[in-house]
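Chemist: Sequence:
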Amino acid sequence: MIKKTTRIKKIGYRILVINIVFLLIKLTVNDKENGFNDDPINEPIFYYVSAMIFFLFTWEVNDWLIKKNSQSTLKSNISFTNSLEILVKTLAIVLPIIALIYYLAIFEFNYISRIDAEDLWLQFRIDFLRATLLLFSLVVFNLFYYATTRAKEIENSMYQLKQEVMTSKYNSLKNQISPHFLFNSLNILTSLMYEDRDLASDFVTRLASCYRYILDNKEKDLVTLEKEMNFLDSFIFMMNVRHKESLSITTNILVNSQDFLIPTLSLQMLVENALKHNYFSKERPLEVNIFSDHKKLVVQNTLRKRKEEPSTKLGISNIKKRYAFYTNEPVTIEEGNDVYKIEIPLLQKTVKQFNTPLDS
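The numbering of the sequence shown is our numbering, which starts it at 33 and goes up by one.
Quick caveat, the hints were computed from the structure, so don't treat them as lab data. Nothing here was measured: the structure is a model prediction, and the numbers come from that model. Incorrect hints may have been included.
Calculated cross-link-like contacts (lysine to any residue; reagent style SDA-like; alpha-carbon spacing at most 25 Å) [unchecked claim]:
1) Lys121 x Ser102
2) Lys250 x Leu379
3) Lys308 x Ser324
4) Lys276 x Leu307
5) Lys184 x Asn114
6) Lys100 x Lys121
7) Lys308 x Lys328
8) Lys121 x Asp95
9) Lys337 x Ser349
10) Lys381 x Met301
11) Lys184 x Val383
12) Lys99 x Phe215
13) Lys339 x Arg274
14) Lys121 x Tyr135
15) Lys100 x Asn360
16) Lys308 x Ser349
17) Lys99 x Tyr358
18) Lys327 x His275
19) Lys373 x Tyr311
20) Lys328 x Ser313
21) Lys250 x Val363
22) Lys99 x Leu166
23) Lys308 x Asp253
24) Lys121 x Phe176
25) Lys352 x Lys381
26) Lys308 x His275
With beta-carbon atoms standing in for the labels, derived distance ranges [unchecked claim]:
27) Ala149 x Lys41: 35 to 41 Å
28) Lys337 x Phe176: 33 to 39 Å
29) Thr38 x Ile158: 35 to 41 Å
30) Arg39 x Asn272: 57 to 63 Å
31) Glu361 x Pro317: 31 to 37 Å
32) Phe173 x Glu251: 42 to 48 Å
33) Asn369 x Ser102: 49 to 55 Å
34) Lys184 x Asp95: 14 to 20 Å
35) Glu251 x Met84: 55 to 61 Å
36) Val371 x Met84: 28 to 34 Å
37) Asp291 x Lys337: 31 to 37 Å
38) Asp291 x Asp265: 16 to 22 Å
39) Lys276 x Lys328: 15 to 21 Å
40) Lys314 x Ser102: 50 to 56 Å
Heads up, the beta-carbon is just placed ideally off N, CA and C, and yes, glycines get one too.
Turn these sequences into a full structure, and let the hints steer you where they fit.
Modeler: Okay, structure coming up:
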């Protein structure tokens, strides 16, 4: 219902614009004296109706090409090159139709349209040129209007996304240094002090390394893959100590980890999600594999969902929002009978935030 109302308003606005343009043309052009005679259609009515049809048709064609361009390029805004391409395509579609209609009206059905002209070919050229200039202006105006409107929408959406990213990043970091995480780690450490002091020493070192990484990067949304993997190595060590033979985490990164960026703590969050939402034991260990695939990073784990409560998927939503801030590449999820796999893009070091006028 809302779409229908918006559509009616748009058509009404366009009809109003067409009437204003037509009126201005009639007032500024020294037209011949034409009256509304007994004929069903005469010259003024023909030009009015044809102008209405030409304008609305051109507007719709231009809107369709803009929408098609946005879908094909996966972008909401259009470049200058794409604008020129859309302009040419629009005119290429509508101008032959306009030429045909004017030709038929002036030469074949002049007894109906009653266009009074001494030189019919001259009149045809004048009408066609006038229509071309008006429709050219219309398309340019429509492209400019679309570009400015989309720029404002993008700016607003980027502002909202930026707020969401900052909030999710804060919540993510806060969760990692929560008392619950520290409490579990200290409990493990207490046990190790009596069982294996060397292992306890290593555990303390890894725990300190984890917290140092979190504190050092709390203001950064992106870090190098190398730093994240070094942090993850300490985190995996702590999880292996805690869960022992119930857990198996392997990594196989074939790309140069110094050349790529990923959101801070994203890998740790994905591993922790696997631990949180799956049942595992010594008899049926949880296997988590982290590996590179072209310019993507894959986190794959055996799927044995816990029957406690459904997942809120806040962690995955967090990661998707953070990636949407930097790239159009999607975060993809595949869930089979026994395997859960998530792919996250590897970002180039030159990556910048999408359309960030608010940062300037």
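Chemist: Taking each numbered hint in turn, which are not upheld by the structure, reported in ascending numerical order?
Modeler: 12, 18, 20, 28, 33, 36 and 39
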